[in-house]
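Based on the sequences and whatever the hints tell you, model everything.
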Amino acid sequence: MKRIDTPVDPSVKFKFARFVPTAFAALLALLMAAIANAQQNQTPNGIADDRAGAYALTNANIYQPDGSVLRASTLLIREGKIVQVDESRNVPNGYFEIDLDGKYIYPGFIDIYTEYGIPSLERESGGGGVENLFPSDQAFNVNDAIKSNFRASTTFVPDEELRKKYRRLGFSSVLSLRADGIARGTSALITLGDMNANESIIIPDVAAHYSLNKGTSTQQVPSSLMGAFALLRQTNLDARWFDVQSPRPFTDDSLEAWNANQELPQIMEVSNWQQALTVDRVGDEFETQYVLKMSGDAYKQAELIRRTNATLIVPLNFPEAPKVEDVLEAEEVGFSDLKHWELAPFNPKILNEHEINFAFTSSEANQDFWENIRTAVRNGLPEQQAIAAITSIPAEILGAADLVGQLSVGALANFVISSDALFAKDARLLENWVRGERFVLDDDRDDRNGIYSLNISSVNSSTNRADQQFEVELSFAGNKAAAKILLEGDESREVNLELTDDLVSFNFVFDESGNRARLVGWPDTGGWSGNGRAPDGSRLSWQLRQSGDLTVNANEQSNESVASGLPAPVIYPFSPYGRESAPEQTDVLIQGATVWTNEAEGTLVTDVLVRAGKIAAVGDNLPSDGATLVDGTGKHLTPGIIDEHSHIALFSINETATNSSMVRMKDVVNSENINIYRNLAGGVVAAQLLHGSANPIGGQSAIIKMRWGAPPQELLIDGADEYIKFALGENVKRSRNPASIRYPQTRMGVEQVFVNAFSQALEYGKAWDNYNSLSRSQQRSTIPPRRDLVDETMLEILNSERFVTSHSYVQSEINMLLNVADSFDFNINTFTHILEGYKVADKMALHGAGGSTFSDWFGYKWEVRYAIPYNAALMQQAGVVVAINSDDAEMSRRLNQEAAKAIKYGDMSEIDALKLVTLNPARLLHLDDRMGSILEGKDADIVLWSDHPLSVYAVVETTWVDGIPYYDREEDRVLRQQIADERARIIAVITNNNSSDNQSTAN
Amino acid sequence: MRKILEDFLFAAASFFLLLIVSNSNAIVPVPAEDQSGPIAILGAVIHIGNGQVIGDGVITFDEGIITAIGSLSDGINTAGHLLIELQGQHLYPGFVLANTTLGLLEVGSIRATADVFEEGDINASVRSAIAYNTDSEIIPTQRFNGILTAQVAPEGGLISGSSSVFKLDGWNWEDALLHPDVGIHMHWPSFTQRRRSPETGLFETVDNENYDGQKQVLHSLFQNAQSYTGEPLNLNLQALQPVLNGGAKLFIHADEAKEIISAVRFAREYGISDVVLVGAADALLVQDFIIAESIPVIYEQIHALPSMNWHGVDKQFKTPFLLQEAGIKVGIGGGATELQSQRNLPFFAGTAAAHGLDRETALSLITLNNAEILGVSDRVGSLEVGKDATMFVSEGDALDMRTSKVLGAYIQGRDIDLFGTQQELYERFRDKYAKQVE
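These protein sequence lines map, in sequence, to chains H and L.
Anchor point for the first sequence: position 249 equals 249 in the working numbering, and the numbering is continuous, going up by one each time.
Anchor point for the second sequence: position 302 equals 302 in the working numbering, and the numbering is continuous, going up by one each time.
Calculated from the structure, these hints are not laboratory results.
A few of these clues could be false.
Here are the simulated SDA-like pairs of lysine to any residue, each with C-alpha atoms no more than 25 Å apart in a straight line [stated by the list, open to error]:
1) H/Lys861 - L/Glu427
2) L/Lys215 - H/Val327
3) H/Lys766 - H/Trp241
4) L/Lys258 - L/Gly327
5) L/Lys258 - L/Glu209
6) L/Lys315 - H/Arg983
7) L/Lys258 - L/Thr205
8) H/Lys733 - H/Gln760
9) H/Lys484 - H/Gly526
10) H/Lys861 - L/Arg428
11) L/Lys315 - H/Arg976
12) L/Lys315 - H/Ile987
13) H/Lys861 - L/Glu155
14) L/Lys258 - L/Tyr270
If you want it as structure tokens, here you go:
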């Protein structure tokens, strides 16, 4: 029945109780009574023991939500709740007074994101290559990652060890969830007193939880991040459709729960700021404002995060310093990791300056929580905001502000007592009260630190020993007492000491014999006193009396001042070669370069004027009109390279459902990917970011410009046509996985996937047409068809609102897809890879399909055995619009070289060869009205080369996108130097920190 | 292809046309006949392979061996020679592809076509020499770009076996061998390994827990090899003897800086003098060590991405130049590139030339340097009197894909057929579509 977290020294408990052990004993008895009072849901094994638990905490500084403090005030609590807060010293009858003597009371802290008391599930290890295509056979959702029916309260078991840890950090209540699944069901709000489960849970369903991680579900889909977004959207649609039907079309307890959970706060866990922005857009689609559980990187795009209007839950797990002591290992340390190490502790400050509402969680910081929250305050987070983030804000998020998070009448008696203002130097949490239950965290014994004089005299005069005096240094650190005998100079003698609340026992080398005196004693009014025995066994009597203060370690006094700014700016993107702000769009006149127009004029030496991001004029001797002059003499200016097939700058590539037309690559664009910059350095201005080829019907493309530094949504080309990836052949048959059972396993099945998908889509379209043709009143009495994101996308293809880029190799499958498209009356826009396109190029031309191919890849799998490097030339000969693409982050930056191979293999003209990577991909992406050639009015997406652009010897001097020089060879040198300098600076900070740590350890 | 040749060889003797006779069936070309009489090539830009160029050059060769080389003004005797006029086209020593699996692998994704990785960590005794398939369909694609010699190496384990150098023309592996068993390949264990974090799902670098154990396996092997007496018979220990006594090279495959140091020090500990570093991605970080140890480097990652985001975007392109400038002997290998794409070897060198190297030095990285590093420079790697007449003619600069058009090639004076399946298919469909237009 121990009710305190640490051994208590009664003598220092309260002013009035100091050195009065009996008073403490009485108090302890009262406390125990209060707890018994709370446990009313069980029949006691004994007689009833109901108590009021009425306390008056007087003379306290009581923290107010606005950051002010009620001085010398009184907090009354009774039966676990706050009864009164006022600025008097009014102790009504029936209240036991505790004089806090100027100590501080804060609302009990709330950790809004924990798994406290929730048994975690073991993830089953992936078993072989057989796909798990179906959900578990229970009446839950069609996808096992939708666990909305789960209620944390149903599995909650109090965890004594863990709650003690939380209490030590000052938490009196936590939200407990089970972090498993994309829909995770509901969490419970739980108090951390020593109560049973029934009493501990104060709100059983306090919030609904979501993530983008399918958790323990072994079902194959979703296997990608964009698949998780898609599942989130489809489940929202399913749930709404389900909800309007009576009777239900089938039983689905997950959807029932999903709908019921909508009234709760919706908390979404994300891994990075990019996910946060995407999931917030999904939320907007369904009028859901998620509370976003972040990972500590929101400062990297604080303004965009602010615009989500989301409240955040922010962990305080600042990264450990990267290992840089070994110079070779330091080479392997990322630039962003160094920057993040330095800036992550400023995340709270930056979020606050952007007026973002956020709560803290200790969940990833664990025992570093206080150290880190103090760091955040020292780095510029206002104290009031730091306190709100663990009190009022989490309470408001959960709609529980009347219960927890503030010291107001009627709220639970959850509060902490601090020795000083919470963030004052040396302030310590002394007590944590949970629903009127008192837990002592820190005995507040530090004020007994000091130099003492120990007087020892003989009790039995037979030895005739003279009185002896020693000087003793006594210190309390972390509730552990330590002592040593001070000798001449800096010498000291160790003391074995055991010091508890009411007893002290110690021994030390007493005299020249080298043997020890053993002493025992108790607190008295002036310190301690007691008896003992000398080494010779004679009895001793002793007193310990303070004679001086400890000297304070000078090191510890420094560094409490609040930092005024950041150690270094946030850069965009948060990546090497990022900048504080994007390069400016300026008017440029490039003079005298060899200009590859890709228009009727062909290639000529002339001037090109760029104004407001567009090509304003092409011609000789153009006036500069204030534009910046660029000398193009001896250089070549070409339209920017467009990569029709790329997978750079994506967080995820492949969803694995046979038909995943609902997934959107634009949900997973990573604008911080260095390959964007590397592409720019290779003259690439735009790319189609395609889904992979794991399935016949892949996902929706993202078509981006390489606007290095802009966030994901601003990379997307505004108004570009929509595309989708199809795939044929070995990959979609899962040829590399001999255990695969997923349909299709043959090219025959692949065809049926398409025929089936389009047939289903037509049926779906018909159902909606029927519904939409009903009158308003008829519609009101008719349940609309279920919206299906797969069918919707397939319909878009049939309606020419979305265009197909199909991965393909051998001639049979190319021919097949042309036939399928013809039979459903739409066109295949582009075949990609298309390595046997040369065998059916005439058919492709007739159909109107383009071909985007590799220059010279072959032989890496069976279906590319007869790939030939003449493919581009032959398809062009047959009248196909041909592009050369990369499908590879490295080759992407050398696409000019790849295009040149069409000269070597197939005698293509140089002008046509350059079009393979500029105008032709623009045509295949329907962007040729604004990109792909140097023509007045088109986007100024252009590249200045040092040499003939098809030559292996050419390097890019400058790449402009929308007239902005995102890559410039000269600036690149400057950026490299900045990176080198910044690395050196941060590494020096880390190594200096480490060496001073070592020194202090040595001391 | 024949069309191309007709366009450019109008001035040449009908000789080339005679020799580049197509096989109408799409199998690999017939190996060439031995040189039947002395040949003189006139009017070429001759790239020697050692950094020198002869503008208006003459080269003569007989019985497969170069007999004279110089400029037209040198008065080289061409009497009795078959004369081939090149009119400013370029003559190169055949490119030497170091560290490749050519002839051991056909289709990467199909296990049955792979003879690259033998089972087990220690395979000193296995020899690529006897598995090299002269009928690989990949060989003609390499020859088409001027690659006429290749070092074929097994992979995998700690000791992969021995590599041999082949002429890329021959009826069978014995026929094609230029230099058998040039060295043993040791893959030094990695200090670290990349893996996907079970917690975050992101890739992370963690220590290789097996490093010490793997290193011990190598020590034990070399200790026993050093004291090997022949009793009892041990094929692996026996196979290591040439490496220990200087008769064969030790090719050390290591990429990271610390691995390079540890692996080379390991070799020195066992008195192995003839060491070549293969891969050596981090060579620049330990260049002083490599110079001090006088070890040549076969660098492989030119058309590759820098390993760290913060590296210069052109780091891979520039590394050969920086190594060369530091005084390290550098060659370029194929192993880090997909086998079928290793035909781009000349363009790896071209890319290096765009980033610091002068063009003739870049050329020497895939000719004379590679030949010297592999120990076959007495035969190939440069166009010098007494060496094999292994060379090719290109219409333009063969390091630049814009101008590289290989028109004809000799291996030991034998005029080889450059035509392969790919050219055959090209013509077939070019003609089909041409007829449709008519």
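Hints and how they fare:
1. H/Lys861 - L/Glu427: 24 Å, holds
2. L/Lys215 - H/Val327: Distance of about 23 Å is within 25 Å: holds.
3. H/Lys766 - H/Trp241: 18 Å, holds
4. L/Lys258 - L/Gly327: 20 Å, holds
5. L/Lys258 - L/Glu209: The hint holds at about 16 Å.
6. L/Lys315 - H/Arg983: Satisfied, since the Cα-Cα distance of roughly 18 Å is no more than 25 Å.
7. L/Lys258 - L/Thr205: Given that 25 Å is the threshold and the Cα spacing comes to 15 Å, the pair holds.
8. H/Lys733 - H/Gln760: 22 Å, holds
9. H/Lys484 - H/Gly526: Holds: H/Lys484 and H/Gly526 sit about 20 Å apart, inside 25 Å.
10. H/Lys861 - L/Arg428: 23 Å, holds
11. L/Lys315 - H/Arg976: 12 Å, holds
12. L/Lys315 - H/Ile987: 22 Å, holds
13. H/Lys861 - L/Glu155: Status holds; Cα separation ~19 Å.
14. L/Lys258 - L/Tyr270: 19 Å, holds
Violated hints are absent here; each numbered hint is respected by the structure.
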